[in-house]
Each structure stands twice: as C-alpha cells, then as structure tokens.
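Colleague: Given next are the chains, with one letter for each unit.
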Amino acid sequence: MISILLRKRELKVREAIIRGVYEENLKIIGKYNGIISKERSFSLKKMFLTFVISVAAIFMHVNYLSPSSFFPENQVTANIIIQRPVTLPVDPDNPSDYRTFISNQKVPLSRMFGLGVRTIMIDPGHGGADTGTMGKMGTKEKDITLDIAKRLRDRLKKYGHYNVLMTREQDMTIPLNKRVELAGLSKADLFISVHLNYLPSKPINIIETYYFGPPSDAKTLKLAEQENAGSQYGLSDFKEMIEKIGETLKLQESKEFAASIQKNLFLNIKKETGYAYDFGIKRAPFVVLLGVDVPAVLAEVSCLSNREEEMKLNTESHRENVAHYLEAGILDYLNKGETRNEAKRHTERR
Amino acid sequence: MKQKDIQKEDNILFVGIDLGTSRSSISASNSKREWIESYVGWPKDFISQQVIGKLVLFGSEALNNRLSVDLCRPLERGVIKEGIEKSEDAVKEIIKHLIELAKPESAQKIYAVVGVPADTLKINKLAIRKAVSECVHSLMVVTEPFAVAYGMNLLNNSLVIDIGAGTTDFCIMHGTIPSEEDQKTIFNAGDYVDEQLYSYLSERYPNSRFNRNMVRQFKEQYSFVREVSDEIHVEIPVDGKPVMHDIKNEVRRACESIMPALIETTTEMIARFDPEFQVKIKNNIVLAGGGSLIRGIREYLQDALKEYGPCNVSCVQDPLFAGSDGALKLAQDMPPKYWEPL
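Listed in order, the protein sequences are those of chains A and B.
Residue 350, in the numbering used here, is where the first sequence stops; the numbers in between run on with no holes.
Residue 342, in the numbering used here, is where the second sequence stops; the numbers in between run on with no holes.
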C-alpha cells in the first residue's frame, strides 16, 4: 500500500515536471498564455527615496555652477551636431572669472587638460536576485545586459590600451552602492551602465541614454526609481554624493559621452532593424550615475517589451551588434567625435 | 507502454541530445547512441575542399584537419573569431549530423529534447530552437543538469553538478522543474583547467612546444586531484626532438584549481534550503559531465563537504551519455499533446 502511494506521488511529481518543461518551451516560442511579464512595483518607500534624491538634485541644480550649461531646457538628442570648442577670455586675477569660464566652457575640461581614459568600467544592469525587467518569452534583462557587457569588454580589450573592467562577470546580486564603490576603487575613467527598457503600453523599441541630473519628466523619474531600487545607500550618503555633483568635469563629459553613445546606438539599430525610436539623451537621478566620480552614462540599449526586439535579443548576432554600437559610441567619444558614426564602417577600417 | 504504442502508430523517433561545449551526444528510441566532439569545420577554400573531399567536417576529423578548415566550437564564447552566424550554422550542422548518426527511417518523424548548458539557454534559447528545429519535427529545450537529473530519477532532494568544458552547472531538484534560484553556473570547468595547465606547463617548460589541443589531451588522459601513485610523463617536442616531460604536479594543480569554487558554490546552493532538506540534499549529490571523470574528485568533494555534516557524493555511470539518455527519457515520457505546438 505504501509503495503504491509512493509510486503515485512520484508520478505526480514527474507529471508536474513534464508540464513545467512544456510551459517553459511554450514561453520560448511565445505561445504561453500565462502572465509572465513582470512589471516593477512602485512602493511608497521607493517613491519617497526618489523624491528625496530628486529634491536634492534640484537643490544642487539651483545652487551650483551655471545650471543652464549643464541641464538645458531642451532635450539634446543624438542626432544633433555637437558644437565645437569656443574659448572665452579669462582674467587670471579675478577668481569669479574662472567659475564663469568653467560653467560656460564648451570645451570638455578633460580635453583642455589632456586627460586620457585608461580604465573603462562596464556595468551590466541588475543581476542575481534582481532580474530587472522580463520579456514575454521569459528573457531576463540581467542575462542580456551581462552578455552585451561581456561582448563590449572583449571588443574594447582588443585595442590593447584600455583596462576594461566589469562590475559583475556572473549572474550575481550586486547592490548599486557596491557598483559605485567598484568604479571608485578601480580608478575608472569612464563608466557605462547597460540596461534594457520596458514599455508595457506601447509595442515599440526605444533607445535612450541617461546622464545624471534632475529628471526631465515623470516617466524618467519613475524609471530612476526602478533602477535605484536596492542601492543600499542611506540619506546621508546621498547628501554627500549630491554635494559632489558640482564637479563640472563629470557633468560636461557625461553629457557628451551620452550623446555619443545615443547617436551610435540609435543610428545603427535603426539601420539594422528599421523600427527603433530615438528618445535622445536625458537627465535622471540614477544612483549609479550620481555616485561615480567620472563621466558616466546609463544606456537603455533596447526594449524588452517589444516582441520582435526580444526575439532579436535572443540571437548572438544582435547582441554582438549592440555591443559593437556601444563600442563605436565609446570610441567616438574618446576620439573627440572623429570616429565615423556607423559601427560597421568602423569595423571595416580595423 | 502507451507511449510505445503511439510511437509505433505514428512512426516517431524520439531522440535526446546533449549539446555540450566539448562533446555532443545523441540517444535515440531505436537504441542508437552516438557522440561527437562539438567541433565543426568548413574547408577554407576550393583546394582544401578538393583535398578533404567533404563540405563539412565534424569532431575529431575537423580537429585533425584544423589547418585547412574554418574551425568552430559553437557553444564556446570567445573562440569564434569570424562572426556569430557561423556558430549558429555550426549548431545546426552538429544537430543534423547527430540525427543522421541515429539513422532514422525515411518516413519517421523526429521528436527531440535537447539539453544545453544552462547559461547558453538563458540568452540563446531562440537561436538554439531555430538552429535545431530545421532538423526535427517537434522540439523541447532543457538545461543539461536537469536532463541528467531526470534521466537518473533524481527528481527530489538532490543536487546535480555537471562539470562540463565551458561551465559547471549546479541544479537542485526538489520535486518541480528547477527555477532559476535552483540553478547556478560557474566558469570553473574543463576549459579553465586547460588554461591553468597550459600556463603551468609554459612556466615550467618554456622551451617545449605544445599547443592547447595537446594540453587538453593531457588533461583528459591524466586528470586527477589529491594523489595518484603512477607517474605522468608525456612526450613534448623541444627544438624538434621528442622529449619526455614529467607533468604530474602541473596536472594536479590545474585540476585542483577548480575545487575551491566548486565547494563554495555547492555549500552556497545547499545553504539556501531549509535545514531539513539540506541533510537530504547533502546525501544525494551527483557529479556529471566530463569533469566527473577527474580521478579522486568525488572523494575530494565529499571530504570537503563533511565539514558541514555527513554527505554522500556519487558520479554518474556514463558521463558522456547521461545527458542525452535523460533527454531521451523526458522525450518518451512527454504526452503526445505536448509535442503538437512545439
């Protein structure tokens, strides 16, 4: 009798497992009807945290150097031509002139002083228990970002003169404060965080790139809240970090870096797939961008809510291409915009 | 019995395929079992095609002709230098070739369950389905350690550690299909051992000429952890002359280099579970994959884990076919209605 019961129980387990395998495979081909896409929750606690960051960022925005040069009202998109250097006369005896000079300066300070980039830190978004967003086929943001980041690392390493590091090389949970800490410890000169977007209401693929600043709209604020979840920073940490934002070099460079990434990503993805939308470069109070002392951007390289895009992201060739476009964006930025925009042409040259 | 009747009626050949980084195998319901090394080679040009006499080479044949073919090990990251499409084509070729080796009858439908490394499946599932689906009538894709667990009836309270070439996959079974939290992948596996061995040998014998393929063969032939009584001497050319080299210490160091990560991940995986289940899982740890053939690895792991209480580690009987046999069992147990939409 006991053996019959055990046998029945085993059969039940086996049936459940077989059904699980079947459902997993239905998900892969997009025929599974169960609710699998995960939308991020927006808890009151997180709302409060985001509010605090935003208020602090706006406070900084008002009190620090000329805000108009850092956060222009009109959004800068990837398609615009970045203006070339314009130098202003400076009176060496008048300290306030330096402030005016710095705040109005169109020449990135790193270039003015000939600062080079040796260490590039790539941050694959999410990881471990934090899956990020998830497509209808079950594709997880954390897996795609890790794969693209690894491909980007390999591509940049081939040049031989960059020390390319990653905040994570495996599927593991790393709090945002740890990522920021890693960038600081490794003395990174450039920081790029790779993420995927999710637009539940619209079946489109959008490309957008962020650098640190007060949010330009409600959607950006919500996105920042999502990406900041699990930062493990306290309010005092935020205050300290926000005070640092007066560092002109970082702001200038981050904006230009974001423009370069966005331009290369959008133009090439649009050319490759034909259905991408350019949402341009934007400001947002992402913790991971705020805490890093060097030029830093967060690139939303694709949109997992778009079914076609999710299918494409499941192919190695598309992920390799995205890494390629990011590489072109980084090189374009590092080479002062002299690199041609299209990553494919860039390859041919090498 | 019921399934067998359906099989007869519909003339279906069920196949289980283990698509590994280093070796791939097939087990079919017509009792055929075959394996190849996961290498695909296409003749580089017209002349090499004429010399080789084939459009595509597989496994050891591709390796032996590696100077005249474009060689591809499709499931390995980093080796492919000539574009990614090639690796997708290579997966297609391997599956096609394995199915040919299973010798299906001309009118037979092929229903396949394919086991792939856990990490590969996460982001390449559609590509793998696409590559495989051309060769079969219906298809399901699962992770390798899960296929091993299913085949060995380790459905509950067990931990399968599949030590492959590219990755070591951990999979805890607790009566349901393993979720992501139940599985973990680390990169300390066969290829890592090869890298270590290559570097140790280069350091000790800087004037000797050996390549990575030779190092892999040394590992496969002599791998061990802890201690073995026999000496390990291999022939490696120095200035063109074959010279015997003692590589025992280097082989041991290279093989033991994966053990700390293996032990740490095993304890971490087990610790996630309720203490009551931890005891059960610790007594049901199974090593699979080519890495389970490393001499002394079972005892090494078992002794290391004893620190955390009594445990029992065993190895699969046939690591080469454990994955494909499990995948075949899954294919045969799958109700016919589940095959239809896939």
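To be clear, the hints were calculated from the coordinates, so they are not data collected in a lab.
Heads up, some of the hints might be wrong.
As the list claims (entries may be wrong) - Reference listing, derived: stretches of chain B covered by chain A, where coverage requires no fewer than 3 residues with Cβ under 8 Å from a Cβ of chain A:
#, stretch
1, 46 to 59
2, 138 to 148
To be verified - Cross-link-like lysine to aspartate or glutamate pairs, in silico, EDC-like; alpha carbons within 20 Å at most:
#, chain 1, residue 1, chain 2, residue 2
3, A, Lys312, B, Asp89
4, A, Lys136, A, Glu15
5, A, Lys136, B, Glu180
6, A, Lys31, B, Asp318
7, B, Lys109, B, Glu268
8, B, Lys32, B, Glu100
9, B, Lys280, B, Glu307
10, A, Lys157, B, Glu181
11, B, Lys329, A, Glu23
12, B, Lys130, A, Glu23
13, B, Lys337, A, Glu23
14, B, Lys280, B, Glu268
15, A, Lys12, B, Asp333
16, A, Lys312, A, Glu272
17, B, Lys329, A, Glu15
18, A, Lys27, B, Glu268
Every residue gets a Cβ at the ideal spot worked out from N, C-alpha and C, and that includes glycine.
Colleague: Is it true that the CA of lysine 136 (chain A) sits at most 20 Å from the CA of glutamate 15 (chain A)?
Modeller: Since the Cα atoms of lysine 136 (chain A) and glutamate 15 (chain A) sit roughly 24 Å apart, the hinted pair is violated (cutoff 20 Å).
Colleague: Please work out if lysine 27 (chain A) and glutamate 268 (chain B) have their alpha carbons no farther apart than 20 Å.
Modeller: Violated, at about 29 Å.
Colleague: Hinted pair, alpha-carbon criterion (20 Å max): lysine 31 (chain A), aspartate 318 (chain B). Please report holds or violated.
Modeller: Violated. Lysine 31 (chain A) to aspartate 318 (chain B) sits at ~36 Å, over the 20 Å cutoff.
Colleague: Going straight from one Cα to the other, do lysine 329 (chain B) and glutamate 15 (chain A) come out at no more than 20 Å?
Modeller: The given pair, whose Cα atoms are some 13 Å apart, holds under the 20 Å limit.
Colleague: Taking a Cβ-to-Cβ distance below 8 Å as contact, does the stretch 138 to 148 of chain B have at least three residues touching chain A?
Modeller: holds (count 4)
Colleague: Is lysine 280 (chain B) within 20 Å of glutamate 268 (chain B), Cα to Cα?
Modeller: Roughly 15 Å separates the two Cα atoms, so the pair holds.
Colleague: Are the Cα positions of lysine 12 (chain A) and aspartate 333 (chain B) separated by 20 Å at most?
Modeller: 13 Å, holds
Colleague: Would the pair lysine 157 (chain A) and glutamate 181 (chain B) pass a check requiring their Cα atoms to be no farther apart than 20 Å?
Modeller: 32 Å, violated
Colleague: Can the restraint linking lysine 136 (chain A) and glutamate 180 (chain B) be considered satisfied, given a maximum Cα separation of 20 Å?
Modeller: 16 Å, holds
Colleague: Would the pair lysine 280 (chain B) and glutamate 307 (chain B) pass a check requiring their Cα atoms to be no farther apart than 20 Å?
Modeller: With Cα atoms ~16 Å apart, lysine 280 (chain B) and glutamate 307 (chain B) stay inside 20 Å; holds.
Colleague: Closer than 8 Å, Cβ to Cβ, for at least three residues: run that test on the stretch 46 to 59 of chain B against chain A and report holds or violated.
Modeller: violated (count 0)
Colleague: Decide if the proposed pair is consistent with the structure: lysine 109 (chain B) and glutamate 268 (chain B), CA atoms, cutoff 20 Å inclusive.
Modeller: Distance of about 43 Å is beyond 20 Å: violated.
Checked against the numbered hints above, the structure breaks hints 1, 4, 6, 7, 10, 18 and satisfies the rest.
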